[in-house]
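Novice: Heads up: the sequence lines are chains A and B, in that order.
Here the working numbering is used: position 557 in the first sequence is 557, and no number is missing along the way.
Here the working numbering is used: position 588 in the second sequence is 588, and no number is missing along the way.
For the record, the hints were derived by calculation from the structure and aren't laboratory data.
Backbone N, C-alpha and C fix where the C-beta goes; we use that ideal spot for every residue, glycine too.
Hints are not guaranteed to be accurate.
[Unchecked claim] Computed cross-link-like contacts, DSSO-like style, restricted to lysine-lysine with a CA-CA straight-line distance of at most 30 angstroms:
(1) 437(A) with 499(A)
(2) 106(B) with 297(A)
(3) 501(A) with 33(B)
(4) 538(A) with 33(B)
(5) 331(A) with 463(A)
(6) 27(A) with 121(A)
(7) 40(A) with 121(A)
(8) 631(B) with 602(A)
(9) 145(A) with 126(B)
(10) 297(A) with 325(A)
(11) 667(A) with 590(B)
(12) 106(B) with 41(A)
(13) 81(B) with 104(B)
[To be verified] Okay, the calculated beta carbon distance ranges per label pair:
(14) 600(B) with 548(A): 29 to 39 angstroms
(15) 317(A) with 456(B): 18 to 28 angstroms
(16) 581(B) with 532(A): 51 to 61 angstroms
(17) 604(A) with 125(B): 52 to 62 angstroms
(18) 125(B) with 286(A): 34 to 44 angstroms
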Amino acid sequence: MIFNRSAILLLATLLCALPAFSQDAPKFKFGKVDAEEFQKKAYSVDSSANAVILSEVGISRFIGNNSGGFTLEFKVYRRAHILNKNGYGVADVTIPLYTGSQSEEKLINLRASTYNIENGKVVSTKLEKSSVFKDKINKYWAHQKFTLPNVREGSIIEYEYTIESPFLFNLQPWYFQGENPRLWSEYQVAIPQFFNYVTLKQGYHPFAVETTSTKNDNFTLSESRTAMATERYSFQASIAERRWAMKDVPALKEESFTSTLRNHISKIEFQLSEHRPPLEYRRIMGSWTDVMGELLKDEGIGQINGNNGWLGDAVDGAVGNTTDKLQRAKKIYAWVRDNLTCTNNYGYRTTQSMKEVLRKKNGNVADINLLLIAMLRKAGIAAEAVILSTRSHGYTYSMYPLLERFDYLIAAIGIGESVYYLDAADPSMGFGHLPYKCYNGHARVINADATPLEFSADSLTEKQLASVFIVNDSAGRLLGSVQKRAGYFESARLRRAVKEKGKESVFTDISRAAGAEMTFLEQSIDSLAQMEGPVDIKYKFNMPMGDEDLIYFNPLLDERFKDNPFKSAQRLYPVEMPFAMDQTYLLRIEVPKGYEVDEIPKQMVVKLNEDGDGVFEYRISQTDNAIALRCRLVISRTFFAPEEYETLREFFNLVVKKHSEQIVFKKKK
Amino acid sequence: MRCLLTIIAFVLVTQTKAEEPFSVTNIPQPLLKSAYVVKRLEDQQFILQKDGEAVIRIHCAYTIMHENGDDYATFSEYYNKFREIRSVEGTLYDARGNVIRRMKKKDLQDLSAVNDINLIDDNRMKRFQFYHRSYPYTVEFEYEIKLNGTMFYPPWFPQSDERVSVQQSRFIFSCPDNQTFRYKAYQYEKEPVVVAEKGTKVYTWELNNYPAFLREPYAPAARRLTPIVLFGPVNFEMQNYRGTMQSWQDLGKFIYALKAGRDELPGNVKDRVHQLTDNIDTPQEKVRLLYEYMQQHTRYISIQLGIGGWQPFEAKYVADKKYGDCKALSNYMAALLKEAGIPSLYTVINAGRGRDELFEEFPSSQFNHAILCVPLQKDTMWLECTSQTTPAGYMGSFTGNRYALVVDENGGKLVRTPLYTIEDNTQSRNIKARLDQEATLQINAATLYTGIEQEEASGLIHHLSPQKVKEQLQQELDFPTFEVDQFSYQEHKGRIPAVQENLQITVSNYATITGKRLFILPNVMSRFYRKPLPDPTRKYPVELNTPSRYIDTVEIDIPVGYSIESAPKDTEIKTPFGLYRNKVVLKDNKLYYYRLQEQYTGTFPAGSYADLVKFYGDIYTADRARVVLVKAETPLKAF
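Given only the sequences and the hints, what does the whole structure look like? Please build it.
Specialist: What follows is the structure in structure tokens.
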């Protein structure tokens, strides 16, 4: 770390302000547990909880170290009450530690105890050093693991530890919410004036405490320049002491149609933005253009910039003698997609050199799509890398260039006036298509302008069309012919299924769902290899006519919602659907020979809301000897606030109901 | 002359060039049928050097025909204190058998292999995969593993998976002349070829040109269908323990030796045992009290390091930490019982739902779990010591109805654990419901689950908070749109445990009411979900393992004025696989529905599979048959 010495001399001494502590904070001291604490068998925050975090406090601060820099010290204290056997999980603790190329994070001052009531007295059992295990996960991560001894129903457990980290970017985030409810969760961060961090907060639970105060403190650093000489610096600096706390935080709850809980959990995160005097001024978090400029020079991503002469053979092999630019692009895309295997679906940074990727034929998403970009460029096609965050990874901010928020890299190419987005890491995607997990809002092109992009789930519509014709055949049976054009993502799923289990499996599923009396013929699936478009399924079926007086017939066959997809009655988080939908079902059925229509369902048209974000139409008509049905379901929006949930659920309730209705044919007398 | 020879040699070389050994053209046609993988060559050499030391040498070449076979293109072996990976070489070939590339040392990944259920163990793993996507292709691996400790010899099981055909597979066992070992073959008729050379003897088993098989529903496990040879030591050494393993008795002796003297309890726990049991009369009750004490004062934490994979932690350790794995907890429970004067036997078993029976004729370590056997005067109690909630003496689907090795100072003996019969495993459901004009159904469902049938409900209530139980019910119940209004569970502990479930549910649009008709499914909550597909080429016998009985009575109040237009006929189907009966009656605006289903057990010939398909299909259809009610015609009113 380089010092601006004159700045140190000029430092003014600031008076520190005393932090204003809230009265709500529980005053727990390690090792001091009162018998009364065991009295509670349930807590009002969640009466059905298996374990409750009574208090947890994290403290992050910076201290000068003896290699001329600063060490981040992250101290954690946690006390929990285990209410029943299913709460034993809180007694199993895993602490991840990061190892860099030259230095690593260290776990120090770990102590842990379990408290139980025995004969009316609090008895404590300490964790022994020998019961702490280290599991080396990979080159970068090791887990320290332990479980507390003597845990029973009703035990109170307590532990604290400190992580010393040389990595200033790793100012630890704090999660105020988790699997168990918390009575008190607090984070204190003391940031010296010479570091500036951007603070990012999210969640719905309010802070009980949110304060900032300043004080002055001494920092001492030393550094061995030679074997003999050690330089010491000592200086005073102002420190911002920030404190956040939440009270009575409920446990996190999984809900369907949530792209990720990460978007909803109450948490606070930090991002180093600059070094300030007395350190030499240095901007760490630049503007978007700075950040993208850096990425372009990055050892991994930067590989797309060179001439990459060595790629010539691979490109020639892929394009053959095609000259048309679009066709060349399509061939290169298909070659990369079909010959490389994605071993890790997440990451915008490379894991190995591009030459290795080509040799070993595998890599993470970034490795594969960067190779694609390099090959496209080699073939004379303008291609750039785009980074984004997939749905399960959470939203990104367009305001802050925070790379940790990103986890995916795709290619953008321009041919003439057209722009195409490509992902060769997903083997089921066609040219110009991205998997829906990429449609998560804001994304950025890695170019000098850091061009912002928007991939909105609303812009994706899963369009499905099924048409069914049923006629009387000469043998006195009903003969049906079905044609179904699947939506694009359903088509991708079908392609995967066919690849894995064969074509028959698709029809096995159809016949399994149908009644035993139906026989199927002329089954075919088209466009399996044309991955840019949808898949068509065609088949015919025979339905023998019995001698029943009445025939009950569901005109939707199996193309119907049997259950409401929105199961729970209440909703905490917004509904986030992966795409909009537009399903059309057409039927024309001849009245079975010897029968007449006794009853048909009524027509219906319903709108989801006044804005018409969803429409359900059920139009049925009857002529002399046939019935025609047109049934359409459109949901054109993908995001619904919790307040809109009930409407959405009720709408689908109507759909399910209408889909279950029957046509009744009566035997002619 | 010399010149001519060179020419001939040259011609030979170019000819073999055209016909590379791993070319797919060399695969006999029958081996390609249904195969994702063809084992071109597989040599497994097991070289026993002396007791306690052995080397495994593998040389294999697999042709991958389809992406579902890619796992076979992966090298993946675990290692630990007892097992080191010495060398690995890998080569990738194209369809014609030409080398595409070779594995590089640096490409071999080193990963943690700590099992999910263990807090910690000492297994790590080396892994490498050729990521090739043009099929077919062939991979060849050669590697060597050194074993320090020889309690287990690997089996030879060339066709453990479906869709794998075997062109050639060999198992070569070699050991010094004076060494002895044991083997037993299943589904394999031939005797091994034995060759003696310079102080060693070499046994070879071989399988050639074996086509792929396909897994079939309700069929026995692969190890009962394809060739397998088991190997085991006569004498063995593991860390500092030596033992012999010619019989179950021998193996039991070794297991006993590992745990001997580890049952010392601290004074305070001894006192507690006496407080709890001294005034109790029956041993059954003593066992129950101590078992519940153990359940309340310990929990399951698995730590498997070194010999700890086989040896239990001392009882003192468990008393102090209040946790342990299956071995430690069973040993601790035995110590508690001993203090109360009740002898018990440490027992090892192969646990898991639907686990295949062990090979009882071949004594070897075929176990993955430890329990405790308590022989009492009238009957024997079995204790599962890792569960916090299981009633004393209940084994259930996890460890019931199978062989277990019970050990004492004299060695081990195979004994069968309790069998649960059709009388034990039942689900009796009684539904009272009311359907209103809007087709909303209000359900009161009271269900009593017993034996194996109660395990799911028991798991639900013991492992989830009430809030989560509700969420689970809301997700799992099979209704279109519904709300679980109330729910409660009561547990009855006992040798055959029971759970009583009471649910109140409101279902919207349960029935479909059109102009004059009402369509309703009288089977509200017990619809059979199995629907196997016909298979005209069924090869393997049908195995049904768990006997159960399901009884339903349903009574639904329906709006007035309806009469039956169409209703399913009363059904009764009797087969060797089970029994099914149902009946619908409408009386006084009440719809009554009765259902009985019994599932029997047994092994049936392959030819009977079609009957099973028909039986299950008939139940499936009958359970989904609707009743159509029609309103009496009312005369049209004039406008």
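Novice: Please write out, lowest number first, the hints stated earlier that are contradicted by the structure.
Specialist: 12, 15
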